[in-house]
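K.L.:
Protein chains in written order, with the numbering used here: chain A, 3 to 459; chain B, 4 to 205.
These aren't lab readings, by the way, just hints derived from the structure by calculation.
Hints are supplied without guarantee of correctness; some may be wrong.
25 Å max Cα-Cα, derived PhoX-like pairs, lysine-lysine [stated by the list, open to error]:
id, chain 1, residue 1, chain 2, residue 2
1, A, Lys329, A, Lys403
2, A, Lys113, B, Lys106
3, B, Lys128, A, Lys47
4, B, Lys106, A, Lys329
Each pair of labels, with its calculated beta carbon distance range [as the list claims (entries may be wrong)]:
id, chain 1, residue 1, chain 2, residue 2, range
5, B, Ala151, A, Gly5, 52 to 60 Å
6, B, Pro53, A, Ser348, 39 to 47 Å
7, B, Gly54, A, Leu309, 54 to 62 Å
8, B, Thr201, A, Thr243, 18 to 26 Å
9, A, Ala12, B, Thr157, 50 to 58 Å
10, B, Asp31, A, Ala414, 36 to 44 Å
11, B, Gly145, A, Glu43, 49 to 57 Å
12, A, Glu379, B, Asp31, 32 to 40 Å
13, A, Lys59, B, Arg176, 54 to 62 Å
Ideal Cβ positions, reconstructed from N, Cα and C, are used throughout, including at glycine.
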Amino acid sequence: MVGNDAFQEADTTGITRPVTKASYFASDPDTVGDTVGEAFELARKGRQGPTLVDLPKDVSNAEDVARPGPAAGPETQVVPDEADPEAVTRAATALANAERPVILAGGGVIKGNASEELRQFAIDHGVPVVTTMPGVGAFDETHELAMEMAGMHGTGYANMAVTHCDVMLAVGTRFDDRLTGGVDTFAPEAEIAHVDIDASEISKNVHADYPLVGDASTVLRQLDEALARSPDTDAWRDQCTHWETEYPMDYDAPEDEPLKPQFVVEAFDEATDADTIVTTGVGQHQMWAVQYWTFTEPRTWISSHGLGTMGYGLPAAIGAKVAAPEKEVVCFDGDGSFLMTSQGLSVAVREDLDITVCILNNEAVGMVRQWQDAFFEGRRMASEYPWGPDFATLADAFGAKGFTLDAYDDVADTIAAARDYDGPSVIDCHIDPREDVYPMVASGGANGLFALQEEHL
Amino acid sequence: MTGELPGPAPEERPHPSGRRNEQGIRIDPEAEAEPEVRREVLSALVDHEPGVLAEVSGLFARRQFNIESLTVGPTMTGGLARMTIVVEETDPGVEQAKRQLRKLVPVHAVRELEAATERELALIKVGDDDPAGVAAVAEMYGGEAVEAGPEVVTVELTGTEAEIDAAVEAFERFGVREVARTGTAALAGGTEFTAHETHNNE
């Protein structure tokens, strides 16, 4: 039947090929087991990522299926044990002689379980750490070396550090455009040592002076052994501290105005433990969550990052709670993002998952509106959405518990009540609809020219 | 809109004078940033099975690599085929194409061929008003007529891409009706292996 456009036929392997590590069509009952085994092995091997097996009906119905052999990944995929020692030596020399070194920690640090090694390396050698968005949690944001997230909505001090560094040790990052801004102005005077387990990421977007292909913790250990001495970073660290005071993430929260989303994020952070898992959708709420929550542990920040898939927050919270039932899970969502997958509440109720959703509701697809205001002279199109449902009522209708939050005086109590509720709860938090996200680096712009207000864009 | 943060405005901050080109390579701030494009022959040893060609060509299309030709055919090893891909890319572009190819599961080895032996086969169908002239041009380019008359002659010839370009142009005066070209096939020069199982995506 395959290829005849039968009922509900779609070219599943063809459709998924560009977005998977591999997409298999298992047409043979004798080998289907091996194929499934290979798909699982490949998903875990090297740079982790999804694989897919399309099982045709006759194979899934087959009774005579061969017993698979031990699961093995494809022989063509080679993961190096360690980085080229010669490149390691050269990178270590550059780092030892650096005057303004920075470590850029990406999501690969977390996926590769290398947070501990990275922290030790940074602290032992006194190197300030900035992170990408997927790298949030790789380093303790309360540590004095932490410069937090760089990039489009990164902190001013992180972007100053990235712009002015002379050596960058980038670990497990693909130099996404949201991090780099325009590559012409990205760390324009820095030699870059790039550690990545995926060789195709080396020099893809930004040229690596020292290509280090390998597992993050292995290569960090190699670098540590090759480093004859730590760089002298005292003056540079003073400069970084100065930038931290020059560009603080301060905001006004007048009591007589609508709630500021930053305040709500901070209140949630204060109320919860350090190992609480935060998930988000995509948009302004996501940026406020990453900026104003203080992350100290890896695997506590779950977002769709460079893919930018609205609606990710609730399903991710469900997945996180199932995977780590002992941890508290908070989903910050936008009213726009939440509406994309809110039916997931039904799953959360069915599975009796104790998660808390906090919708930072500004009755808009806020980030789109922010861009329309900043770059299209305020011509708003399909970005304001005052027709959203009453989310507290919606949550109650699903059998979850709904709350509405409007006033500063109620923030602590409402958060406490929602967290206390044993099951999925939803806070519809009506925030100041005029609030926008800053700092902001214009798309393709220079990180060092981040805007602190709309007039700077 | 609100949300402004404190701190010096962009124009009040110090800025480094360095810059990078489009490939993210640091360059002299005064230098010309236009990278040079080169023609390169890549050879890939791949699984000889359905879908592999689609996977490779999909990769090239998706990542906007400039590809001049792509040929594929079986090798002496059962189950493996050789793909010859001619790309026109900058240095980083060629490197990136090789690395991306190596990530595909059906790809066993990829090499960039230097001093390769390159050949392409072409079938050129021309009018037969001047059979002696056609034969002379065919001979000049090492080709031969494989089908003659009544009104047309089909000439087969092999050569490098440039030779075939020249031959097609030479045949123009007899009226070229149609041309079918295979695209470049290539092997590494000398005793060197082209793309071999032992290379295994190193």
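K.L.:
Please go over all the hints and tell whether each is borne out by the structure.
P.N.:
Against the structure, the hints come out as follows:
no., hint, in the structure
1, Lys329(A) <-> Lys403(A), "20 Å, holds"
2, Lys113(A) <-> Lys106(B), "19 Å, holds"
3, Lys128(B) <-> Lys47(A), "52 Å, violated"
4, Lys106(B) <-> Lys329(A), "36 Å, violated"
5, Ala151(B) <-> Gly5(A): 52 to 60 Å, "41 Å, violated"
6, Pro53(B) <-> Ser348(A): 39 to 47 Å, "41 Å, holds"
7, Gly54(B) <-> Leu309(A): 54 to 62 Å, "25 Å, violated"
8, Thr201(B) <-> Thr243(A): 18 to 26 Å, "54 Å, violated"
9, Ala12(A) <-> Thr157(B): 50 to 58 Å, "43 Å, violated"
10, Asp31(B) <-> Ala414(A): 36 to 44 Å, "57 Å, violated"
11, Gly145(B) <-> Glu43(A): 49 to 57 Å, "51 Å, holds"
12, Glu379(A) <-> Asp31(B): 32 to 40 Å, "38 Å, holds"
13, Lys59(A) <-> Arg176(B): 54 to 62 Å, "60 Å, holds"
Hint compliance for this structure: hints 3, 4, 5, 7, 8, 9 and 10 are broken, all remaining hints hold.
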